[in-house]
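Asker: Spelled out from the first residue to the last, the chains are:
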Amino acid sequence: MRKTILAAAAALLLAGSFGAADAADKLKVGFIYLGPVGDLGWTYQHEQARQALVKELGDRIETTYLENVPEGPDAERAIEQLVRAGNKLIFTTSFGYMDPTLKVAKKYPNVHFEHATGYKRDANMSTYSAKWYQGRYIQGIIAAKMSKSGVLGYIGSFPIPEVISGINATMLGAQTINPNIKVKIIWANSWFDPGKEADAAKALLDQGADIIMQHTDSPAAMQVAAERGKLAFGQDSEMIKFGPKVQLTSIMDTWAPYYIARVKAELDGTWKSEDTWGGLDSKMFEMAPYTNMPDDVKKLAEDTQAAITAGKLHPFKCPIKAQDGTDVECKGGDHLADGQILGMNFYVKGVDDKVPGK
Amino acid sequence: MRLVLEKRAERSNTIALVSPLIAILLTIATMSILFAILGKNPLSALLVYFIDPLTDGYSLQEIAVKATPLVMIAIGLSLCYLANAWNIGAEGQFLIGAVAGSWIAVKTQGTDAGAWVLPAMRLLGAIAGALYALIPAICKVKFGASEILTSLMLVYVADLFLDYLVRGPWRDPAGFNFATTAEFDPVATVPVLIQGGRLHLGAIFSLIAVAAAAVLLGRTIKGFEIRVVGAAPRAARFGGFNADQLILLTFAISGALAGLAGIIEVAGPIGHLQPGISPGYGFTAIIVAFLGRLNPIGILIAALFLALTFIGGEQAQIAMKIPLDVTKVFQGILLLYVLACDSLILYRLRLISSSRQVASEVRSGTR
Amino acid sequence: MELVEAIILSVLAASTPLLIAATGELVTERSGVLNLGVEGMMIVGAACGFAGAWLSGSIIIGALCGIIAGVLMSLIFAMMTLGLAVNQVATGLALTILGIGLSGLIGAGFVGERITPAPHLYIPVLTGIPLIGRIVFGEDGFVYLSLALIVAVSWFLYRTRAGLVLRACGDNHVSAHALGYPVLRIRMLAVMFGGACAGLAGAYLPLAYTPFFIPGMTAGRGWIALALVVFASWLPGRLVIGAYLFGAVSILQLHLQGAGIGIPSQFMSALPYLATVVVLVLLSRARTGGSTAPAALGTVFVPDR
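Residue numbers (this note's numbering), protein chains in the order written: chain A, 444 to 801; chain B, -8 to 358; chain C, 322 to 626.
The shape of chain A in the complex, shown without the other chains (with noise of 0.2 angstroms):
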């Protein structure tokens, strides 16, 4: 009697356990995510890619995420948790992460991890990024076209180099339409805190800003421009739905090209760790259909778009002036190098606002 319940036990303990055998000829691929998949932004967005990954590659992996994860202690453990549960392929997508990653990396050498938004790296861990800036100076001279009132309203999250280029490739883009444009910029010490985004696009509105531009994850901003008849652009994902009227466009992550080529490279055995920062030109992100504007200024739009694709239009091209007004070393012969893009600490000339913690 005793040994049939062992062995029933032990059945129910292989049933339950994850691991299954017939998964044994698919390659596993594991995602962490931020936030939930449900947050219409930056963690849909990954969420989005993954889905196609399936769609595309379904019959030989197999996927698995892992959602809500913090930024902390918790994410190592998880991560492992992934590598345990014989995933090869795991993609680490906050900027948080990079630590552990690492340090997991580090203890597998078999296992092949690719953590987005940062900057260490390993034999078998790659680091993968987009040139938001690019859409960022698209995002300038639309606004600059659009606002009446010339001061732009921003939504910052923190104020890490990616941002802080961000809010500069606006304002090089916004000032080769209108020299004087002003931008207010509210920092909202969060990525995703959409009472305290909503909070902040009414002041930034309440200030005389008539155009809104975040770079923060949820449809909150969007929302109360929408209601107050104010144009505004999207982050992350399309965020039209929630301003069918207001939307100019939206810099749209897709990370979907980048995950099914880095997944096929590990099913052909070519994968190497590598660092991408890619472009318009990578399909990395998109832009959102321009709507809601005049035929010229979509046309400039697409224009712009067309020309920073093909390598013509770099955003930060020399000569670029800082606040004191002195001129930014070049470091990439007629444009900025990659590596102060990615270090970028200080504001350009036309903000009137001083980097916080400086």
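The hints are simulated quantities; they were obtained by calculation from the structure and are not laboratory data.
Among the hints, erroneous ones may be present.
Taking CB as the label site, the calculated pair distances span [said to hold, decoys possible]:
#1 B:G30 with A:A753: 49 to 59 angstroms
#2 C:T481 with B:A202: 54 to 64 angstroms
#3 B:V9 with C:G541: 30 to 40 angstroms
Derived pair list, reagent style BS3-like, types lysine-lysine, alpha-carbon separation capped at 30 angstroms [said to hold, decoys possible]:
#4 A:K546 with B:K312
#5 B:K312 with A:K684
#6 A:K625 with B:K312
#7 A:K797 with B:K98
#8 B:K31 with A:K550
#9 A:K546 with B:K31
#10 A:K549 with B:K98
#11 B:K98 with A:K498
#12 A:K625 with A:K792
#13 A:K469 with B:K133
#14 B:K312 with A:K531
#15 A:K471 with B:K312
#16 B:K31 with A:K531
#17 B:K98 with A:K563
#18 A:K625 with A:K563
#19 A:K707 with B:K98
#20 A:K549 with B:K312
#21 A:K726 with A:K688
All values derive from a computational prediction rather than experimental measurement.
Note that CB positions come from ideal geometry on N, CA and C, so glycine has one too.
Starting from the known structure of chain A, arrange chains B and C on it as the hints suggest.
Answerer: For chains B and C alone, kept in the frame of chain A given last:
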């Protein structure tokens, strides 16, 4: 017909033994229903949650790593709660301890400091935690202000203070403006006990705390005073026990332990100071303290059990796509059942049909 | 001047959930019960409120769903703390964790959906009055309800016999019981009222403030509501002032940033909490005049037979 609560003449020892088991069974039953509603097989889900993490060394180690700060904080809290002093601010004391200890790490960064760094960090972390906990304690003792609310408010202050430091003065200059200090030097990092794992020296400290608390409560006069002051304040007064002094003492010890847990967590598994170093340890520890019935060994078991549910919850997300929220639901339900069953130790429930029955019972002497 | 009007409008909106939740907690605490589960009740109210509104297409039904959710959570609290004489602190915390988890589960299917937010009042001539028109005559239903609620509670506590009895339960439950008042039943009703308010306050967020549901959208407002009750020294009038003060601090901090004035945002955000601690200390020192906490707050009461 109504249900009435009556105080028992004396504690029911059978209930005291049996209530945790009943609570766990009730919780499992409720969770099974929840799993079924979510469309998951209850049996597999329960296995993944509770059995699977116990089946491999890595998970076992991770359970210990997760439980380490919980044990340390909860031990301190249990001392406070036994004395009827309600420290709800352990989370804030944890953060302040982490900040204080990290100060040494940040200041000695890159210099070739000696082995004194780590013990100094721990000491400073404990002292800072104790001082921070004394604020609500003093407010209570000198001004009569509710320590529940003051200690809770200070949690937010501590969190914002930490945020300000890592985004401003202490930010890693080579860190691309991200909100974190530089990685601590090896001399400022808590050593790992098992190579390749994450189990670190902090676990030993937690076990020492358990033993020390057991000795304090079971064998010392101070421990006795703490227990009496909470259980029978008037008797304590007659016994000459100084309730005020005990409030200050227990808060200080609790703050020290929380602060120590904070710096150990930062200098150990995390390795640098950043916002979000605590996924709510201070509040989870309150649950652990109650689940462990304010008893040192009970706390150790409760912390391990709760850590098990965290780990199991993550594995359930991977294996069965069960949302992480289910873990929170489980923890809330477990605590509610434990509290409810425990109340039956001191009270009993009686069905009363009417006042006539009461009167007749009074007359016949069975009441 | 338009800016001032706009700021006041934002502050009103931001303060409303705090005011509603704190009003409920005020009544609960005045009856002698300390409910730390407000955050859990609010967040479940948010999830159920949004679900109800989205499924039915009606804001009012959504609000009712939020209220019912809050009441149900509070019934658990009442059963435990009043029925089984369980420690109120522990129960409140357990309900907070339970609430956060439940709201995540309930709301998961609704993330990404949007609804039409609660409509604002519009009276043809009055709403157009410069400066005060929109503030007085252009708010959404919740704002007016929050003010009506606190006025009603104030009247109830200080001008009705029932309110007097409730306050007596909070100050000295033994005497109240000796006088023959059903202390436990009164407290249960107070707790249910508190739960209803918390649920309504939570529902306000996805129904009017940001018309979509995100897990965790209450972002600690329940804890602020608790602080608010203390800050207001358990007096309804001061509660209104406190709620708008707390709301103002968070809104002003953003405006200061937009205007380029750089006070560290963390300092501004910490102000309400620091202020509460100071108020608590000052209150407790002033044993004469003023109001202190209900003397029996948080203590267990089991009536002897």
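Asker: Each hint should be assessed against the structure and marked as holding or not.
Answerer: Checked hints:
1. B:G30 with A:A753: 49 to 59 angstroms: Cβ of G30 (chain B) to Cβ of A753 (chain A): about 50 angstroms, so the range 49 to 59 angstroms holds.
2. C:T481 with B:A202: 54 to 64 angstroms: This hint holds: roughly 57 angstroms between Cβ atoms.
3. B:V9 with C:G541: 30 to 40 angstroms: Given about 38 angstroms between the Cβ atoms, the range holds.
4. A:K546 with B:K312: It holds: about 26 angstroms lies between the C-alpha atoms, which stays within 30 angstroms.
5. B:K312 with A:K684: Between K312 (chain B) and K684 (chain A) the Cα gap is close to 29 angstroms, so the pair holds against 30 angstroms.
6. A:K625 with B:K312: Given that 30 angstroms is the threshold and the Cα spacing comes to 48 angstroms, the pair is violated.
7. A:K797 with B:K98: 27 angstroms, holds
8. B:K31 with A:K550: Outside the cut-off at roughly 33 angstroms; violated.
9. A:K546 with B:K31: 34 angstroms, violated
10. A:K549 with B:K98: 28 angstroms, holds
11. B:K98 with A:K498: 52 angstroms, violated
12. A:K625 with A:K792: 10 angstroms, holds
13. A:K469 with B:K133: 67 angstroms, violated
14. B:K312 with A:K531: With Cα atoms ~19 angstroms apart, K312 (chain B) and K531 (chain A) stay inside 30 angstroms; holds.
15. A:K471 with B:K312: 15 angstroms, holds
16. B:K31 with A:K531: Distance of about 27 angstroms is within 30 angstroms: holds.
17. B:K98 with A:K563: 24 angstroms, holds
18. A:K625 with A:K563: 36 angstroms, violated
19. A:K707 with B:K98: 47 angstroms, violated
20. A:K549 with B:K312: 28 angstroms, holds
21. A:K726 with A:K688: 26 angstroms, holds
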